[in-house]
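Undergrad: Model the full structure from these sequences, guided by the hints.
Residue numbers (numbering that gives the first Met the number 0), protein chains in the order written: chain A, 0 to 650; chain B, 0 to 330.
Hint data in this document are derived by calculation from the structure and do not stem from the laboratory. Quick reminder that beta carbons are idealized off the backbone N, C-alpha and C, glycines included. Heads up, a few of these hints could be off.
Among the chain A residues that face chain B by a calculated CB cut under 10 angstroms, a handful are [claimed, not checked]: (1) 21; (2) 25; (3) 371; (4) 425; (5) 434; (6) 443; (7) 447; (8) 450; (9) 451; (10) 498; (11) 506; (12) 514; (13) 535; (14) 538; (15) 542; (16) 561.
DSBU-like mimics (lysine-lysine), calculated; alpha carbons at most 35 angstroms apart, straight line [unchecked claim]: (17) A/158 x A/598; (18) A/598 x A/421; (19) A/534 x A/162; (20) A/534 x B/172; (21) A/497 x B/303; (22) B/71 x A/374; (23) B/67 x B/303; (24) A/598 x A/460; (25) A/598 x A/614; (26) A/466 x A/102; (27) B/71 x A/460; (28) A/598 x A/573; (29) A/532 x A/463; (30) B/303 x B/71; (31) A/421 x A/497; (32) B/71 x A/534; (33) B/67 x A/532; (34) A/573 x B/303; (35) A/532 x B/71; (36) A/466 x A/158; (37) A/374 x A/532; (38) B/67 x B/45; (39) A/463 x A/162; (40) A/421 x B/172.
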Amino acid sequence: MLRLLGFALGSFVLAFVLPLAFIRKRNSLLSRCSLLLTLLGSILSSIAASIILWKGNSFSYTAYSYSPAISFSFLIDQLAAFFILIISVVTIAVTIYSWDYVKHVTAHNKKNFLTALLSLFVLSMLLIIAAKNMIPFLFFWELMAILSYFLVMFDYEQKTTAKAGIFYFVMTILSTVLVMTGFFLIYHNTGIFEFTSFNGASPVVSTAFILLLIGFGIKAGIVPFHKWLPYAHAAAPSPISALMSGVMIKVAIYGFLRVVLFVFPTPLLWWGIVVLLVGTISALLGVIYALKEHDIKRLLAYHSIENIGIIFIAIGLYLLFQSTGLFTLAQISLAAALFHTLNHALFKSLLFLAAGSVINSTETRNIEEMGGLMKRMPATAWLFLIGAISISALPPFNGFVSELMIFQTFFQSTALSFPVIKIVLFLCLALFALTSALAAACFVKAFGIIFLAQPRSQHAKEAKEAKLPMIIGESILALFCLGLGLFSAQIFSRIGAKINVSFGLPNLLFVGILMIAFAFILFVVLRIVASRKTKVSETWGCGAISQQSTMEYTASGFSEPIVTIFSPIYHPQKINQRFFFDSANTQFKEGLVEIHLLKFFEEYLYLPVARGVEKVSSIIARTQNQVDIDPYLLWSFLTIITLIVIAGVIL
Amino acid sequence: MVFLDDHHSYSYRRGDPMNYSFLWFSLINLFLVIILSPLFMTIIKKVKAWAQMRRGPPILQGYYNLFKLLRKETIYSPTSSMIMRITPPLNMILLLVAALFVPLVYVPSPINGIGNIILFLYLLALAKFLMALAGLDAGSTFGGMGSSREMTISAIIEPVVIVIFAALAFVFKTANIHEMVSTAITSPIYLFSPSLILLSISLFIVLITETARVPVDNPETHLELTMIHEAMILEQSGKNLALMEASHAIKQTLLMALLLNIFLPWGVSTSLTFSTVVIGILLFLVKGIGLCIIIGIFESSLAKLRLFRLPSLFMIAFFLSFLTILLEVFG
Numbered sequence: 000m001l002r003l004l005g006f007a008l009g010s011f012v013l014a015f016v017l018p019l020a021f022i023r024k025r026n027s028l029l030s031r032c033s034l035l036l037t038l039l040g041s042i043l044s045s046i047a048a049s050i051i052l053w054k055g056n057s058f059s060y061t062a063y064s065y066s067p068a069i070s071f072s073f074l075i076d077q078l079a080a081f082f083i084l085i086i087s088v089v090t091i092a093v094t095i096y097s098w099d100y101v102k103h104v105t106a107h108n109k110k111n112f113l114t115a116l117l118s119l120f121v122l123s124m125l126l127i128i129a130a131k132n133m134i135p136f137l138f139f140w141e142l143m144a145i146l147s148y149f150l151v152m153f154d155y156e157q158k159t160t161a162k163a164g165i166f167y168f169v170m171t172i173l174s175t176v177l178v179m180t181g182f183f184l185i186y187h188n189t190g191i192f193e194f195t196s197f198n199g200a201s202p203v204v205s206t207a208f209i210l211l212l213i214g215f216g217i218k219a220g221i222v223p224f225h226k227w228l229p230y231a232h233a234a235a236p237s238p239i240s241a242l243m244s245g246v247m248i249k250v251a252i253y254g255f256l257r258v259v260l261f262v263f264p265t266p267l268l269w270w271g272i273v274v275l276l277v278g279t280i281s282a283l284l285g286v287i288y289a290l291k292e293h294d295i296k297r298l299l300a301y302h303s304i305e306n307i308g309i310i311f312i313a314i315g316l317y318l319l320f321q322s323t324g325l326f327t328l329a330q331i332s333l334a335a336a337l338f339h340t341l342n343h344a345l346f347k348s349l350l351f352l353a354a355g356s357v358i359n360s361t362e363t364r365n366i367e368e369m370g371g372l373m374k375r376m377p378a379t380a381w382l383f384l385i386g387a388i389s390i391s392a393l394p395p396f397n398g399f400v401s402e403l404m405i406f407q408t409f410f411q412s413t414a415l416s417f418p419v420i421k422i423v424l425f426l427c428l429a430l431f432a433l434t435s436a437l438a439a440a441c442f443v444k445a446f447g448i449i450f451l452a453q454p455r456s457q458h459a460k461e462a463k464e465a466k467l468p469m470i471i472g473e474s475i476l477a478l479f480c481l482g483l484g485l486f487s488a489q490i491f492s493r494i495g496a497k498i499n500v501s502f503g504l505p506n507l508l509f510v511g512i513l514m515i516a517f518a519f520i521l522f523v524v525l526r527i528v529a530s531r532k533t534k535v536s537e538t539w540g541c542g543a544i545s546q547q548s549t550m551e552y553t554a555s556g557f558s559e560p561i562v563t564i565f566s567p568i569y570h571p572q573k574i575n576q577r578f579f580f581d582s583a584n585t586q587f588k589e590g591l592v593e594i595h596l597l598k599f600f601e602e603y604l605y606l607p608v609a610r611g612v613e614k615v616s617s618i619i620a621r622t623q624n625q626v627d628i629d630p631y632l633l634w635s636f637l638t639i640i641t642l643i644v645i646a647g648v649i650l
Numbered sequence: 000m001v002f003l004d005d006h007h008s009y010s011y012r013r014g015d016p017m018n019y020s021f022l023w024f025s026l027i028n029l030f031l032v033i034i035l036s037p038l039f040m041t042i043i044k045k046v047k048a049w050a051q052m053r054r055g056p057p058i059l060q061g062y063y064n065l066f067k068l069l070r071k072e073t074i075y076s077p078t079s080s081m082i083m084r085i086t087p088p089l090n091m092i093l094l095l096v097a098a099l100f101v102p103l104v105y106v107p108s109p110i111n112g113i114g115n116i117i118l119f120l121y122l123l124a125l126a127k128f129l130m131a132l133a134g135l136d137a138g139s140t141f142g143g144m145g146s147s148r149e150m151t152i153s154a155i156i157e158p159v160v161i162v163i164f165a166a167l168a169f170v171f172k173t174a175n176i177h178e179m180v181s182t183a184i185t186s187p188i189y190l191f192s193p194s195l196i197l198l199s200i201s202l203f204i205v206l207i208t209e210t211a212r213v214p215v216d217n218p219e220t221h222l223e224l225t226m227i228h229e230a231m232i233l234e235q236s237g238k239n240l241a242l243m244e245a246s247h248a249i250k251q252t253l254l255m256a257l258l259l260n261i262f263l264p265w266g267v268s269t270s271l272t273f274s275t276v277v278i279g280i281l282l283f284l285v286k287g288i289g290l291c292i293i294i295g296i297f298e299s300s301l302a303k304l305r306l307f308r309l310p311s312l313f314m315i316a317f318f319l320s321f322l323t324i325l326l327e328v329f330g
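TA: Right under this line is the structure:
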């Protein structure tokens, strides 16, 4: 095991060092080698994780120990192995996909840089998960934050990237600060940096819990700390978006689960309700914002917020049931949270990769300028469709199963003995159902507008099918989406037998077999009864002479009814201006219609805070900006005195 | 916590293939659903025609239409892709699978989680998802408008449906439709509980919405005001249109059967003999025709609601079903 993991580590490090050492080399040999090494590393780590998951024995290793309390040690238990498996599988698909993607990066040094960072980014995530205590966890957490910032800034030439970068940087630092504070609170009470159960005074425990919830929540992208996701994911190159959305935000989920399960094994009731409400709001607002989005990558990023919300709903249910002693239900909710984490990693990476192929072919991220790609890039279209059906939680794919598990635990929440909480739960259930239906509507829009009907731009008309490695990378993920859905009942009956829980899942494999049988019967019946004549011809268009792409339904048109119904959330402002040739306004010259939707969180939360910070810093700046050195000496002196006094008081 | 504990779930995997009771159930249920669906459609049309002092179509018109369409040539728009071609058969297949989830006259012992109420709902949702894509496929404005409105309506009716289902699961202590019906047969005390009366009203509103009827949509036309369901399938023709129409009729029958057999479970039996099945069929026919007449009268006495007034109709259904939950929680 040690050797296996050592080889994995080695190939990741080599994949990082090799292209950087010869960054000026003018061919793609090095970046290809680096990708191969990353692929090898992730295959090895996925094998190691599978072995640990299968056998159930954990692996631990101490790299460096300063004192018993402070050590740099690693532990891969089943929870960690599960997340390592998620990361490795997605990385395998992403590296295969990138084989061809890196061609589109024209500058060679950037190409080498991308593959090097990719490998180290994956490695940092793996090591966060393998961390046994808080010190390596925080160390690699920071490494991941910095690397992902570099990756977001990869296309630094573009203006929007700078904004995305600064947004991401501030949020990610804020997240680290909160997580660190939470960890120090735990350390202050337990005296060690381990993830062990924390039994302090109740307000302290709750403060630590809330700090960690917000800290990990920022990184996971829960509302209202979600704003960085659509900016950062849209700015990064597509394979990186797939990794960030599919995997990086899952690392935050892992961190949260690690502290929830190991540090707070006896949760309080109100924590569960807070997490549940946060999850419900994130899920609903995520999908509602996604519906109005025309930028394919931002649309997918908003859906990540939705799915993170769904995972938090399941975690909230776990906390609720755990605190009220309904342990069977708690375990089902936890299983649902973990399974949805895996599922989201799979279908979201699939969607981001397929979107990346589409963006490469059409050279735009605006779905209004696409259309008709089903005929031009059929393989990508089918793969995107699988992702879309999975994320819309439709059977027999994997997304359905995890949402079904959440629905069933909601249905069983009648076992709770608090009437008011039951009612809150049923309200959350209704909103959760709304979320899942809106997600389906959004993906009808996304798939329909991108792939169906006629192309609406020259680029879309000339789009070419993606290269084979890209399609293979996506197909791996698509197969997992289907397989995990079809065999869900079998998988969970096996897991259930181990932990003595009955999940009560319907057998989707049986449903699949029924579908195939009915398809066969239907085919035979139609063959006998129905006419076999078909014709391709212009269908009647109410007198239109020929059909034009300008007549098609657009993405804005598609989501218009939903925008109108949810107008209290969007606050749409319609600007309608008309210009005429004459003063009597009889001859129409031209018109202008604009619809603006309110960016609530940006205008009412982020910008006021940013302005406040700016004001404070401008006041502080006044104390600097002086030529002579005396004031600086004074400030340093005062700082040192204060620090010594504080340290003396505390210690 | 017994209620989702479905011990028969995995009998399939243990090499015990579908037992005979399930096989018989599938045959009877599928046969009845397929045979009765066009009939129920025509009866509603007939009732509406009588309300307008017309004679209406002959009672077998539904079947004639389907056979006529099956014989006709299928025309595809040059813009359309594979989605247009696979949607009609897939729709039919999904509805046929869903037809096994709602027992019409006979309830078998549950197998493989067939009858799971959420899976039932999501099979219908997948059919709708594909249909909406097919609406966008030909690139005509009609289809797009239909898809957009259909998805909007189905999104805002969804919380109502789930709360109804949750309330049903709450009342019957199971999330399986088959078990709900067999509980309803054995304990008729449920029939007159206020919770079920409230739920049946909400479920009726869901039935009206899902089958695209007045006041939500108008099944007679695809003109601008009502362009929802009919507009979405406007580009379909020939055997594909026949499949779409038939699957829509099947969906209506299934939702009607769900309403009828949970709230008025007379005639449904858990034992399989010739006489129980015949009596079951006759009683189901009576119940079904009764409900068709109610739907027809309901449709004739209302005007189409504006699209953006629909959320308030759904709110009524939502409040009624939520009231049930309040009743059950505090009652």
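Undergrad: Please verify that hint: residue 498 of chain A, Cβ, nearest Cβ of chain B, below 10 angstroms or not.
TA: violated (14 angstroms)
Undergrad: Given the proposed pairing of residue 71 of chain B with residue 374 of chain A, does the C-alpha separation stay at or below 35 angstroms?
TA: holds (27 angstroms)
Undergrad: Compare the distance between the alpha carbons of residue 598 of chain A and residue 573 of chain A with 35 angstroms, and conclude whether the hinted pair is satisfied.
TA: Holds, at roughly 15 angstroms.
Undergrad: Is the straight-line distance between the alpha-carbon of residue 374 of chain A and that of residue 532 of chain A 35 angstroms or less?
TA: holds (22 angstroms)
Undergrad: Residue 67 of chain B and residue 532 of chain A: Cα distance at most 35 angstroms?
TA: Between residue 67 of chain B and residue 532 of chain A the Cα gap is close to 14 angstroms, so the pair holds against 35 angstroms.
Undergrad: Grab the minimum C-beta distance from residue 542 of chain A to chain B and call the hint holds if it beats 10 angstroms, violated otherwise.
TA: violated (12 angstroms)
Undergrad: Is the hint on residue 443 of chain A kept, meaning its closest Cβ partner in chain B is under 10 angstroms away?
TA: Since the shortest Cβ distance to chain B is 5 angstroms, the answer is holds.
Undergrad: With the threshold set at 35 angstroms, check whether the alpha-carbon distance from residue 532 of chain A to residue 463 of chain A stays at or below it.
TA: Holds, at roughly 32 angstroms.
Undergrad: Compare the distance between the alpha carbons of residue 466 of chain A and residue 158 of chain A with 35 angstroms, and conclude whether the hinted pair is satisfied.
TA: Given pair residue 466 of chain A, residue 158 of chain A holds - Cα atoms ~29 angstroms apart, limit 35 angstroms.
Undergrad: Run the distance test for residue 421 of chain A versus residue 497 of chain A: straight-line Cα separation, threshold 35 angstroms.
TA: Measuring from Cα to Cα gives roughly 30 angstroms; hence the hint holds.
Undergrad: Quick one, is the residue 450 of chain A hint okay against chain B at 10 angstroms, beta carbons?
TA: holds (8 angstroms)
Undergrad: Compare the distance between the alpha carbons of residue 463 of chain A and residue 162 of chain A with 35 angstroms, and conclude whether the hinted pair is satisfied.
TA: Within the cut-off at roughly 32 angstroms; holds.
Violated hints, in rising order: 1, 2, 10, 15, 19, 20, 21; the structure is consistent with all others.
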